[in-house]
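Following the hints, complete the assembly by docking chains B and C with the ligands onto the known chain A.
Residue numbers (this note's numbering), protein chains in the order written: chain A, 1 to 339; chain B, 1 to 252; chain C, 1 to 290.
Treat the hints loosely; a few may be bogus.
Claimed, not checked - With beta-carbon atoms standing in for the labels, derived distance ranges:
(1) A:V84 x C:L212: 55 to 65 Å
(2) C:A261 x A:P144: 21 to 31 Å
(3) C:N185 x B:T63: 46 to 56 Å
(4) C:Q187 x A:V160: 36 to 46 Å
Hints are computed from structural coordinates only; laboratory data are not their basis. Just so it is clear, the structure is predicted and the values come from calculations on it, not from any experiment. We treat Cβ as the ideally placed atom computed from N, Cα and C, and that holds for glycine.
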Amino acid sequence: MKVRRDLVLFVAIVVLFACGPLISPLVHIDLSILSEVLVTTLAVLSVNLLLGYTGLPAFGNAAYFGLGAYGAALTVTYLHVDFVTAVLAGAVAAVAGALLLGPFLLRRRGIYFGLLSIAFGQVFYFIAYRYTDVTGGEDGMNFPRPPFGPGIAQVSINQVQFYYISLVVFVVAMIAFRAVVRSPFGRTLIAIRQNEARVRYLGLDTDRFIFVALLISALMAGVSGALFGLLINFAYPLELDWHQSGNFVLMMILGGAGTIWGSLIGALIYVIGKDIISTITPLWQIFLGALFVACVLGFPRGIVGSISALRRIASDDPEDAASNEAFDVSAPIEVGRGV
Amino acid sequence: MLEATDITKAFGGVRAVDNVSVAVREGTIHALIGPNGAGKTTFFNAISGFTFPDHGRVTFRGTDVTRTLNWRRIVMGMGRTFQTPSVFPELTVDENIRLGVRAHAKQAFQLRAPRGAAAAAVDARVDELLGFVNLAAHRGRLVAELAHGSQRLCEIAMSLSTEPVLVLLDEPMAGLAEAETDRIMAVIRDLRQRLGLTVFFVEHNMRVVLALADRITVLDRGKLLAEGSPQEIARDDAVRRAYLGSEVLERV
Amino acid sequence: MFHDLAPQLFNGLVLGAFYAIVAIGLSLIMNLTGTINMAHGSFMTLAGYLAYSLVLRGTSFWFALIAAPLIAVIVGIAVERTLVRPLYRREPFYSLLMTFGLSLMAEEIFRLIWGPNGVPFSAPAALSGAASLGFMTFPTFRIFIVVVLVITISALAFFLTRTRFGLRLRAAVQDTEMIAALGTNTQVLYAVNFGLGIFLAGIAGVLAAGMLGLSPTSGNALLMPAFVTVIIGGMGSLFGSIVGGLLIGIAISMTTLFIPAASEVSMYVLMAIVLSVRPRGLFGEEGIFG
Ligand SMILES: Nc1ncnc2c1ncn2[C@@H]1O[C@H](COP(=O)(O)OP(=O)(O)O)[C@@H](O)[C@H]1O
Ligand SMILES: [Mg+2]
Numbered sequence: 001m002k003v004r005r006d007l008v009l010f011v012a013i014v015v016l017f018a019c020g021p022l023i024s025p026l027v028h029i030d031l032s033i034l035s036e037v038l039v040t041t042l043a044v045l046s047v048n049l050l051l052g053y054t055g056l057p058a059f060g061n062a063a064y065f066g067l068g069a070y071g072a073a074l075t076v077t078y079l080h081v082d083f084v085t086a087v088l089a090g091a092v093a094a095v096a097g098a099l100l101l102g103p104f105l106l107r108r109r110g111i112y113f114g115l116l117s118i119a120f121g122q123v124f125y126f127i128a129y130r131y132t133d134v135t136g137g138e139d140g141m142n143f144p145r146p147p148f149g150p151g152i153a154q155v156s157i158n159q160v161q162f163y164y165i166s167l168v169v170f171v172v173a174m175i176a177f178r179a180v181v182r183s184p185f186g187r188t189l190i191a192i193r194q195n196e197a198r199v200r201y202l203g204l205d206t207d208r209f210i211f212v213a214l215l216i217s218a219l220m221a222g223v224s225g226a227l228f229g230l231l232i233n234f235a236y237p238l239e240l241d242w243h244q245s246g247n248f249v250l251m252m253i254l255g256g257a258g259t260i261w262g263s264l265i266g267a268l269i270y271v272i273g274k275d276i277i278s279t280i281t282p283l284w285q286i287f288l289g290a291l292f293v294a295c296v297l298g299f300p301r302g303i304v305g306s307i308s309a310l311r312r313i314a315s316d317d318p319e320d321a322a323s324n325e326a327f328d329v330s331a332p333i334e335v336g337r338g339v
Numbered sequence: 001m002l003e004a005t006d007i008t009k010a011f012g013g014v015r016a017v018d019n020v021s022v023a024v025r026e027g028t029i030h031a032l033i034g035p036n037g038a039g040k041t042t043f044f045n046a047i048s049g050f051t052f053p054d055h056g057r058v059t060f061r062g063t064d065v066t067r068t069l070n071w072r073r074i075v076m077g078m079g080r081t082f083q084t085p086s087v088f089p090e091l092t093v094d095e096n097i098r099l100g101v102r103a104h105a106k107q108a109f110q111l112r113a114p115r116g117a118a119a120a121a122v123d124a125r126v127d128e129l130l131g132f133v134n135l136a137a138h139r140g141r142l143v144a145e146l147a148h149g150s151q152r153l154c155e156i157a158m159s160l161s162t163e164p165v166l167v168l169l170d171e172p173m174a175g176l177a178e179a180e181t182d183r184i185m186a187v188i189r190d191l192r193q194r195l196g197l198t199v200f201f202v203e204h205n206m207r208v209v210l211a212l213a214d215r216i217t218v219l220d221r222g223k224l225l226a227e228g229s230p231q232e233i234a235r236d237d238a239v240r241r242a243y244l245g246s247e248v249l250e251r252v
Numbered sequence: 001m002f003h004d005l006a007p008q009l010f011n012g013l014v015l016g017a018f019y020a021i022v023a024i025g026l027s028l029i030m031n032l033t034g035t036i037n038m039a040h041g042s043f044m045t046l047a048g049y050l051a052y053s054l055v056l057r058g059t060s061f062w063f064a065l066i067a068a069p070l071i072a073v074i075v076g077i078a079v080e081r082t083l084v085r086p087l088y089r090r091e092p093f094y095s096l097l098m099t100f101g102l103s104l105m106a107e108e109i110f111r112l113i114w115g116p117n118g119v120p121f122s123a124p125a126a127l128s129g130a131a132s133l134g135f136m137t138f139p140t141f142r143i144f145i146v147v148v149l150v151i152t153i154s155a156l157a158f159f160l161t162r163t164r165f166g167l168r169l170r171a172a173v174q175d176t177e178m179i180a181a182l183g184t185n186t187q188v189l190y191a192v193n194f195g196l197g198i199f200l201a202g203i204a205g206v207l208a209a210g211m212l213g214l215s216p217t218s219g220n221a222l223l224m225p226a227f228v229t230v231i232i233g234g235m236g237s238l239f240g241s242i243v244g245g246l247l248i249g250i251a252i253s254m255t256t257l258f259i260p261a262a263s264e265v266s267m268y269v270l271m272a273i274v275l276s277v278r279p280r281g282l283f284g285e286e287g288i289f290g
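If we strip away everything but chain A, and leave its shape as in the complex, we get (with noise of 0.2 Å):
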């Protein structure tokens, strides 16, 4: 009953996107904002995996976002490569950069594990602002928007098209996250945020899973990254750095950890919030700070986690209300630290 009730409001909410060209003039969203809402969703994604459902906190998830940009940024201007190759260079660049930090970021745990993502994640952000010659540097890469596949002619994509490639990308992404978490392999991620320990008492290598759970976040953020730096045809060094890997984390604890629709809520606010604040107000940033610091303190279980608590309490089921709290991994956990 629940599968078909999710199944039910993911085809509700894939329709009402899909009508995204015509609802955009209508709110004065620009259709480009609302790629950004689906692009941005598959990193905030990225960050539910490890934090959300694994418990690790990842605050390093912007150098896969921003090595997917780069990716695509330095094969589009260096060897002119069609849309789907770049974002698949993307993709590449991201997993790679996560092959590489991987092994030192799986030797810790908790606050450890946060303080080696922040300060690994910013070496690409580094490298890319230094690497003048061939990144830009601080400047970043301008870059044209290149035609969709190999044999196609050379039309570049128009906002429109661009908008539903993004729509595909996300509707895939949504299907194929909600089942790995659903999944046995998933299933042990939402394990081991619970207890390590007894996982690796049930007999399994929990680091081979984190590996794994790593490399599939920044498969995400790579992709996401990549779309991104196609749809602004720029890739810039801030897309790396630690103060966006803190914006996606935001937006999974705006959404509700732990929940896929959080995911998507989390990164529709701050994108079209941005958008809109930004452009009355220079004071973007202090509303976002005040997001960051009202939102741990007086919503840490995010809009969705909220909504699915009130439902487990309305529920007079105990079978149903079980099931749920099963996938819904958003309770806040209490550590006793002796306050």
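Chains B and C with the ligands alone, transformed into the frame defined by chain A:
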């Protein structure tokens, strides 16, 4: 089955376990006793790979596992519970046990839920384990909602889900009422009688230890104080002295 | 190029001393409460700007050097009591996220008050010359910086190892519950500890303003090397932070001299090497954080 030789583990200056050797023979129920802080948990941690000992050797089923990673020891046939029940509190009882069964069936890494015969085999094993610890009625409940004793049972079922030949139980009855203690005692007996497992367990309650154990090892302040059959231990002067003043003595 | 070596090495040590003191402050807060204080750089910037404003209003540099960090400490403790404290019971990443938000707000507020482009803040006349050490000369202000940082770190080491309060603080890092049971008010410990971390950041902030410049993001520029310092030195080790800071300072200054493009990347190479050999950092202790 398990041989720990000259195990030493220090924290800072404190030798929590100091040169302790214990051999657990196949098919026995072996108890590890000693006052609080004697180093029992630290010893368990060393033999199960939760931490590595500073000195000494651990062999399990004839293989040196001193520096083997803990999860590998589980694959080799060790199972363990912790002093405070170590479970997945936000998952249901059923899910908790299923994780272990799947781990043993090498399905935990799969991206697709198994179907058909494989799934049926897992379901059957989960049911069997639930029945063994008598938690079938609670299978749909979150473990966090269970009573303490039931959480212990759930943890025991989880440690069985990986099909071990040796189970280490760290104070399985601590903080439980009499009735619940009896329930766990019955389960421990069944572990050997019905499943043919070797059991190594930590316990405070001398009544329980003397009733269950074939062999008893006594630790005191990190050192091996005595080892022998229940009768020998009950008669041992050093053991009596270590427990002097505690209510345990009267029962012995 | 090689005649630049000695001065550049000295610069590296000065930079390293900055990294060390910032890292020690971060470490103090991280070890006791599990909070990665992303706003640490903002407190440095705040102290720098406060010193700038004080000097602008006619106070002496010396007064500002003490007063500005102290005001930052008051702000810091207020923040800790109201915003960070509610998060101690939660997973540490919540406080990381919160302090990150604070740093974003702070940056914008600095921009509003002191302008977006940075302000000139220079050492007082008495410190602006150069001192000759026979074989070469060093800017007096940089020597002064080293002296102040060394005194500060020594005082901190004394406080932590020789005073009752410092000993309690160190014991609390090992086992908060035990200390609470022994009757120490843990809340006071938390507040003082946070304040101590901010004080170190404040001193570094004022001195860095004089040497490296002062802008809304100047403090944050020191934050990343400080994180790397904590990792290289090993979490929870004061000595490790000092060694780690100096190593990074030297690595950065040497690469700046020989391969400028790799100046930041060098600290990551160093970090990767150290972690490959010692996963817990040079002086990291086992077991405080998994
Ligand atoms: N991780 C640790 N760090 C420091 N000391 C520890 C640690 N674990 C145990 N100890 C110390 O080792 C001693 C033995 O502890 P433990 O093995 O838990 O005893 P038992 O299980 O017999 O009650 C105690 O003094 C305890 O304080
Ligand atoms: Mg114990």
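* Kindly indicate which numbered hints from before are broken by the structure, ordering the numbers from low to high. => 1, 4
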